[in-house]
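Student: These are the residues of each chain, in order.
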Amino acid sequence: MDVSSWPILSVLILLPAAGAVFIFVVLQQNEFLSKLLAFLISVETVVLAVFLFRRFDPADGEMQFVEKMDWIPEFGASYHVGVDGISLFMVMITTVMVTLAMLSSWDQKGRGQALFYGFLLLLEAGLIGIFLAMDLLLFYVFWEVMLIPMYFLIGVWGGANRRYATLKLIIYTMGASLLMLVAILALYFYHHAQVGEYTFDITKLYGTPIPPEVLLPMALAFFVAFAVKSPLFPFHTWLTDAHAEAPVSGAVDITGLLIKTGAYALLRFLLPLFPEFSMSFAPIVVAMALIANLYGAMLAAAQNDLKRLIAYASVSHVGLVILGIFVFNVQGIDGAVFMMVSIALCSGGLFMVVGMIYKRSGTKDISQLGGLWKDMPVLAGFFMFFVVASVGLPGLSNFVGEFLIFVGAFKVSVLYGVVAAFVMVLTAVYLLWMFWRVMLEKAPERATPWRDLSMAETVTLTIPAIIVVVIGVYPKILLDRIEPSALKLLGQVKKETAQMDDLGRWKSLRLVERLKEVKRDKPWR
Amino acid sequence: MVEGREIFNLLWLVPAIPLFGALFNCLLGYRAGNLVVSIVGCGSIGLSFLLSLCIFRVFYGLPVEDRQIELCLFQWIVSGDFQAPLDLLLDPLSMVMITMVSGVSFLIHVYSVGYMANDKCFARYFFYLNLFVFFMLTLVLAGNFLVLYIGWEGVGLCSYLLISFWYERRSAAAAGLKAFVVTRFGDFFFALGIILIFLQFGSLHFCSVFANPGEVIGVSMATWIALLIFVGAVGKSAQVPLHTWLPDAMEAPTPVSALIHAATMVTAGVYLVARCYPIFELSPFSLQVVAIVGLLTAFISATVALVHTDIKKILAFSTISQLGHMFLALGVGAPGAAIFHLLTHAFAKALLFLGSGAVIHALNDEMDIRKMGGLRRYIPATFFTFTIGALAMSGVPGLAGFFSKDAILYATFVNGGPLMWALIVITASMTGFYTFRIIFVAFFGVKRWDVHLHAPGKAMILPLVLLALLAITGGYMGVPHVLGGSDRISEFLSPVFGNAEVHGSLGSSVEGVALAAEEGGVVEGEAAEGAPQGTETAEGIAGVWETGIQMSEKSLEMLLMLVSAVMALGGIGLAFYFYVYSGGRDVPTRLSEKFRVAYSIFTNGWYFDALYKAVFVDPYMKLSTFFLKAVDVAVIDNIVRGVAGSLLSAGNILPGLQLGVVRWYATVMVLGAIIIILYI
Amino acid sequence: MQAEVIQSLLVVGPSHFLVLGATLFSLGVLGFLVRNNIIVLLMCIELMINGAGITFIAFCRQMGSLEGQIFVLFVMVVAAVEIAVGLSIVVLVFKNRATLNADEMEVLKW
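These protein sequence lines map, in sequence, to chains F, X and D.
Every letter in the first sequence is one number past the one before it in the numbering used here, and letter 431, counting from 1, is 568.
Every letter in the second sequence is one number past the one before it in the numbering used here, and letter 239, counting from 1, is 244.
Every letter in the third sequence is one number past the one before it in the numbering used here, and letter 83, counting from 1, is 137.
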């Protein structure tokens with residue numbers, strides 16, 4: 138059978154979904170079998186993702202492996218999926234991180250482990266769906282589907298204050314996405330009014346002329362939904378609670394994946410759908426991103442709870458990613474996409490280490506830890522590795538993303554570049570200080586020394602560590618594939634903007650007039 | 006063995022072999038046992054050293070214009086027009102550096118085998134140390150700025166890890182963090198400088214950036230770039246005002262202090278400025294800044310070294326001071342002299358540190374020189390080699406430090422003016438004073454300790470002896486022409502620095518001499534209050550001024566040399582008078598009482614630490630806590646919760662209509678139906 | 055004139071059925087609103103359903119289509135089912151609470 142004719146993207150979405158359903162319906166009682174099945178499926182998705190990666194044509198910036206069929210033809214909704222250089226790596230990293238989450242919670246005790254694994258699979262299906270969807274309605278469905286497993290993962294297996302955290306997570310993000318739903322429908326009807334066709338297909342919706350008086354609320358609705366999910370300052374407070382209460386593997390997924398969807402959606406939907414808005418709104422977004430960047434780093438320094446600290450670190454890093462997106466040049470977007478992959482690995486790794494510490498100590502309070510190095514040198518080594526990677530040591534993955542974003546920011550404005558780059562000092566402060574308080578100095582007296590990492594735990598941590606090194610030393614495997622898509626995206630944004638400018642349709646938006654004065658992408662000389 | 010030019014294809018092995026060693030020690034060293042670890046650890050560096058020697062031999066045989074070899078390994082970061090391949094560059098500068106780095110590292114590795122023999126974390130130590138050598142060699146072999154940056158950050162990381170090596174000590178953890186953060190602050194500027202270079206030149210490749218920088222950028226842009234790079238160098242090389250981390254870094258095991266915080270890593274800043282010299286040359290202002298910072302650093306830290314009592318901290322401040330000398334040399338247009346001094350200082354200071362390590366080891370981790378004394382009878386080999394190091398350090402004629410320091414002093418006099426020269430000569434005499442203060446206090450006099458002495462083993466003595474040999478002979482690669490030498494090192498380096506060498510712009514400085522002599526005299530007088538040996542200086546200088554004008558260049562150089570030698574010996578003699586000669590025993594105490602303000606300034610390191618704590622550290626922590634409590638929780642999260650809460654309370658009104666009585670619902674329904682019907 | 059009116063009243067047409075349906079429905083509503091006993095309430099619901107059914111039949115007769123009759127058949131089946139379920143619920147409620155007063159069954163609030 139010819140492998141290339143497989144609908145590989147649909148398999149990627151459906152396989153975990155089917156696995157989840159099978160576990161819920163059939164295997165619920167048999168814990169071991171369902172764990173095994175879930176794990177095998179997630180490994181299978183990794184294999185599929187790698188297969189996808191190998192068959193992916195790096196030179197092509199367009200959507201590849203496109204599958205399209207009617208879903209609700211009366212509404213113009215279709216099942217339309219495709220992958221390009223940006224989503225390819227999102228999918229890959231999703232499959233890897235879900236597998237790691239399963240590995241790292243393998244010996245988790247408590248009720249309903251079968252369900253836990255089922256929900257993880259469901260989460261994976263939802264995430265991959267988000268990254269592949271090319272149809273707004275389909276995208277919205279996956280966007281909301283993802284919340285269901287999140288709700289249960291945190292609400293059932295989370296920490297002490299999990300109810301509050303879950304409720305906040307669900308209501309906050311769902312409220313924001315409802316705004317987006319309204320905007321999607323508005324776009325849908327305006328498209329019909331202008332073109333005469335009802336469709337949710339984004340390839341057709343790109344470039345829909347929208348009257349300026351509705352553009353602003355519409356684009357803002359999209360923006361807020363994505364900003365909440367990202368999360369961008371000042372919409373970040375759900376993240377810290379959700380992080381603090383999430384189970385270890387759930388937390389891996391939030392940091393690594395959930396928040397990546399926000400930035401990804403900005404790239405895939407907001408920028409090409411509302412290019413004019415994105416360009417003119419950019420100074421404000423950049424300001425928010427820079428504030429998030431420094432603010433997250435500062436707050437992380439004041440944290441006493443390990444998981445919250447890393448949550449604020451994520452806020453800081455996400456600020457950088459969004460900065461990279463909104464400087465509108467190829468370095469910025471390359472760096473942003475690279476950074477998303479890298480954050481998933483580095484923060485995910487940190488979270489897993491914290492989870493392993495928690496498993497032994499039963500606390501995430503930094504002031505009760507200290508001196509762990511003595512008992513657990515291997516764990517300390519991994520902790521150091523991920524700390525250093527997050528700090529941005531060149532040769533490891535975060536540096537590549539960070540540096541490209543700095544370059545991109547610098548190209549637009551010296552101020553952006555300098556403020557953004559200053560975070561490298563602050564990151565070093567809070568991460569190394571955390572490392573000091575957790576790992577160094579003398580340990581308090583303990584009856585029995587905590588045991589060091591088991592073989593399984595070592596393997597779990599080694600996998601992301603190796604990826605971090607590989608893509609840090611040879612980032613070309615990513616950058617080569619991201620770049621054509623990034624260029625295409627930029628082309629879309631800039632072409633649309635130019636057209637709109639010529640038509641002079643945007644005069645009523647004040648921001649736009651400001652935009653014209655700011656000549657973008659001009660090297661600072 | 007590969008012969009001829011093909012050997013250059015193996016260049017990548019020079020850093021790679023230590024990396025393999027590091028990987029082995031990291032992954033398997035824990036189980037392998039100390040013997041295997043030390044064989045792998047030292048062996049990998051030794052191989053690397055041998056390889057660089059072979060390369061050096063072939064390289065030296067090349068005609069001068071061919072002495073620039075590039076080796077591109079693979080494309081690293083490529084994004085749009087931003088391209089940074091992983092490429093290496095071998096030119097005379099990096100050739101000298103890799104030979105020195107791998108050689109000194111090898112000796113220190115061997116020494117460490119003895120020094121760390123009883124440590125539980127032997128493998129971890131060698132892992133860090135090998136990793137450090139890998140990054141350091143990457144740094145000096147880099148062919149573009151970003152590869153250099155890999156090494157730059159990597160050595161910082163290893164420095165952090167090694168400072169915090171004895172992690173159970175609170176002070177070690179604190180010192181590590183401080184070192185990393187302070188240097189990171191400098192790196193921030195360096196990174197900005199790199200980005201700026203990319204935006205200006207469209208490339209980060211050394212050869213294309215330095216080919217003709219004057220055609221691409223103007224003076225002001227060159228100044229910006231040069232200053233940004235220089236701040237990075239200031240952080241890494243511990244220059245004022247970012248020097249405060251280096252004294253604390255002495256928490257590291259002593260061989261580490263010798264390797265990282267004296268011989269190699271801290272000189273990376275000097276290397277960087279020397280590497281970027283074509284850009285600095287474009288901007289006289291930036292060179293002035295470099296010179297002034299170097300001079301101030303040299304002076305300030307020398308004053309602190311005068312009064313410190315911790316043997317390692319004295320050496321640390323001495324290192325800072327000597328690095329200041331190198332920057333001064335760079336600033337006054339003598340990069341060759343700077344690199345020369347870098348080399349001789351590496352030998353001498355590594356020797357001093359290793360010697361002090363032997364002392365500390367012998368006395369069970371005692372570092373206070375006041376609790377030593379009379380050691381020369383107990384550990385004679387250490388004493389002997391330490392003294393050689395001290396002599397070389399202070400610039401006593403005939404040893405390594407003399408030639409390099411003299412080259413710097415001469416360049417300072419010619420290009421920097423007499424004022425700078427005077428200050429640096431005073432510093433030179435202080436160098437003699439504080440190095441010999443250690444010797445006279447620790448090795449002479451009465452025994453002030455009562456522990457069981459651990460005499461250093463062979464593994465420790467051998468590197469000391471070899472380094473001592475280097476400290477004696479190292480200077481002869483740069484004997485100046487006036488002394489009948491051929492100044493090989495400058496000649497060798499000249500392709501890198503072009504015509505940047507001191508070209509005796511005597512005329513210009515002669516004009517300023519008369520004026521400067523007066524100023525110089527005044528400043529000397531002030532400085533003399535701080536430094537007790539000032540009177541001699543003033544006389545010496547006065548003599549030079551009067552005669553200097555009529556002197557020909559050659560005899561001027563001879564005279565300057567003489568003055569500096571006299572000054573160095575004067576410093577040593579003063580130390581002898583203070584600490585050995587019975588008549589001068591109470592002079593230090595009396596002086597410290599008389600100049601109490603100066604004394605407390607010196608002992609507190611000019612209050613930099615206190616200043617930074619008050620200005621940066623405390624406010625930062627307060628600010629973050631404030632943001633957390635007052636902004637994040639009290640404002641932002643409260644808004645979120647407020648919205649949710651108001652919706653909830655709105656929701657509490659509606660249940661009042663929900664009586665649960667079926668007929669009430671029915672009534673409402675009927676009423677509703679009636680209303681709808683009426684409406685229709 | 056008067057004779058015509060009487061004539062039209064005597065000749066049974068759709069309006070008669072509609073009036074009958076409306077009357078039954080109104081009786082059902084009124085009964086539902088004023089009575090307390092839950093069984094009576096169920097009976098009132100039946101009245102309303104049947105009123106609606108008669109109206110259906112009347113219209114379908116007038117329009118000459120069959121849909122209304124089919125609908126009514128469905129409605130009857132549903133009504134039968136509903137009564138079966140409803141009465142069994144009533145029996146259970148009575149067993150638990152010993153009352154048939156609808157106003158006392160008010161715990162199902164939110």
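The set of hints was computed from the structure by calculation and includes no laboratory data.
Backbone N, C-alpha and C fix where the C-beta goes; we use that ideal spot for every residue, glycine too.
Treat each hint with caution, since some may be false.
As the list claims (entries may be wrong) - From the derived model, a few chain F residues whose C-beta atoms are all more than 10 Å from chain X:
1. P514
2. F536
3. V562
4. K631
Stated by the list, open to error - Taking beta-carbon pairs under 7 Å as the criterion, some of the chain X residues facing chain F (in silico):
5. L24
6. L28
7. L78
8. G85
9. Q88
10. A178
11. F190
12. F581
13. V585
14. S587
15. F632
16. I641
17. D642
Student: So, for every hint listed, does it hold in this structure?
Tutor: Okay, the hints, checked on the actual structure:
At roughly 8 Å from the closest C-beta of chain X, the C-beta of F:P514 falls inside 10 Å, breaking its exclusion from the interface. With a closest Cβ-Cβ approach of about 8 Å to chain X, F:F536 is found to fall inside the 10 Å limit, against its non-interface label. With a cut of 10 Å on Cβ distances, F:V562 falls inside the contact zone with chain X, its closest approach being about 5 Å. For F:K631, the requirement that its beta carbon stay farther than 10 Å from each beta carbon of chain X is met, with the minimum near 14 Å.
Look at X:L24: its Cβ only gets to about 11 Å from chain F, farther than 7 Å, so that hint breaks. Interface hint at X:L28: violated, since its Cβ lies 11 Å from the closest Cβ of chain F, which is beyond the 7 Å cut-off. Checking X:L78 against chain F: minimum C-beta separation of about 10 Å lies over 7 Å; hint violated. Hint status for X:G85: holds, given a least beta-carbon distance of 4 Å to chain F, under 7 Å.
At a threshold of 7 Å, the smallest CB-CB gap from X:Q88 to chain F is about 11 Å, leaving the interface hint violated. Residue-level restraint check for X:A178 holds (minimum Cβ-Cβ distance to chain F is 4 Å; threshold 7 Å). About 5 Å separates the beta-carbon of X:F190 from the nearest beta-carbon of chain F, less than 7 Å, and the hint is met. Hint on X:F581 is violated. Least Cβ distance to chain F is approximately 43 Å, over the 7 Å limit.
Given hint, X:V585 at the interface with chain F, is violated; its Cβ is 42 Å from that chain's nearest Cβ, farther than 7 Å. Violation of the interface hint for X:S587 is found here, the shortest Cβ-Cβ separation to chain F being roughly 46 Å, above the 7 Å cut-off. Evaluation of the X:F632 hint against chain F yields a held restraint, the C-beta minimum of about 6 Å falling below 7 Å. With a least beta-carbon distance of about 5 Å to chain F, the hint placing X:I641 at the interface is held under the 7 Å criterion.
Residue-level restraint check for X:D642 holds (minimum Cβ-Cβ distance to chain F is 4 Å; threshold 7 Å).
When the structure is compared with the earlier hints, violations turn up for hints 1, 2, 3, 5, 6, 7, 9, 12, 13, 14 and for no others.
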